[in-house]
Structures are given as C-alpha cells and as structure tokens.
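Colleague: As given, the protein sequences belong to chains A and B, one line each in that order. Per my numbering, residue 1 is the first one in the first sequence, and the count goes up by one each step. Per my numbering, residue 1 is the first one in the second sequence, and the count goes up by one each step.
These are calculated hints, taken from the structure and not from any lab test. No experiment lies behind these values; they were computed from the predicted model shown. Beta carbons are placed, not taken as given, at the ideal position from N, Cα and C, and that holds for glycine. A couple of the hints might just be wrong.
The following label-pair restraints were derived from C-beta to C-beta distances [stated by the list, open to error]:
id: 1; chain 1: B; residue 1: Gly21; chain 2: A; residue 2: Glu75; range: 26 to 34 Å
id: 2; chain 1: A; residue 1: Glu75; chain 2: B; residue 2: Gln74; range: 35 to 43 Å
id: 3; chain 1: B; residue 1: Arg27; chain 2: A; residue 2: Arg5; range: 27 to 35 Å
Computed, partial: chain A to chain B, Cβ under 7 Å [claimed, not checked]:
id: 4; residue: Ile46
id: 5; residue: Ala47
id: 6; residue: Val61
The lines below spell out each chain.
2 protein chains.
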Amino acid sequence: MEVLRVSARSRATAVAGAIAGVVREKRRAEVQAIGAGAVNQAVKAIAIARSYLTVDDIDIVCTPIFTDVIIGDQERTAIRFVVETR
Amino acid sequence: MEVLRVSARSRATAVAGAIAGVVREKRRAEVQAIGAGAVNQAVKAIAIARSYLTVDDIDIVCTPIFTDVIIGDQERTAIRFVVETR
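Next up, chain A with everything else stripped away, as it sits in the complex:
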C-alpha cells in the first residue's frame, strides 16, 4: 500500500483529493505526517476527503498510529493515519 506523505506545507484540499481517489479505488488509504504542522494538514485533509466521498456514498473513519521512520540517519516518530471505509 502506497503511503501519502503530508508536510506542514501540503495543501489540505490537494491531499484530500488524493485520499479520496485512493479510497475510491482501494477502500483504504494511508497518510503519514511528522510534526504538528504536518499532522494538522493531514487531519484537515481527512476531514475534507470525508465531504468529497459523501457524493460517492462512502463514509470514512481513520485510525492514528505511531510509527518510527528513518529520515537521513535520524529516527523520527511519525503519525500514520489508516483511512478506511466504515
């Protein structure tokens, strides 16, 4: 499963469109964010994706989990949001 990576500078509506597209096709998407600004954009994107998907009668929920990622040679804790249809 491809992971959508979100940064603090990501546009929430663009990420929302990507989430909606993946969910329409695979019923599931994964979104990853590191840091408060990125997590905030990811959450806004998921909220917007919900409204995009109501048109398709798809109701999504998400599950935030911690995950360790290596950036360069540093270990960082990311939040991964598993987005699924209800």
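Once you have looked at the hints, place chain B on chain A.
Modeller: This is chain B only, laid out in the frame that chain A set:
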C-alpha cells in the same frame, strides 16, 4: 455528550486516559482542538488511547470534522474528533 477540549499544552497521556475512560463508559467520546499544536496533541492522545483500550478488547476509530466555535467574540474553526468503537 461532554466534549474533551485539548490545547497545545495538554499532556497526550492525560488526554488519552480521559478518552479511554469516556469510551469505556459510553462507547464514544468527542475531542475538540483548535490550532496545529492542539490537533497534534489530540491525535497523539487518540493513538495512545487505542493502546490503553486494547486491554479491554475495545478497538476505536475516529472521524475528524470541522466545527465553528465562538471564543470570546471571535469565530474559530475547530477540529472535532468523534471517537467510536469499531
């Protein structure tokens, strides 16, 4: 339904304990955050609450929605997380 309000200075583990307590009793909790720092703490708290609740065999998912709130005489957009058992 009482809403758990989270700020950027909230301790994620303390909020997680509160979420787990409300979910155990009512199978549902609502968590509200305004701003990136608060949203980040809320998401971390939900991720931690998930691990607290596995002991009780309770699996939670969340749904982020936008909501307008009045703070003083200003309208702000908050994120409300509806936390439910799967």
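Colleague: Starting from the hint list further up, note which numbers the structure goes against and sort them upward.
Modeller: none
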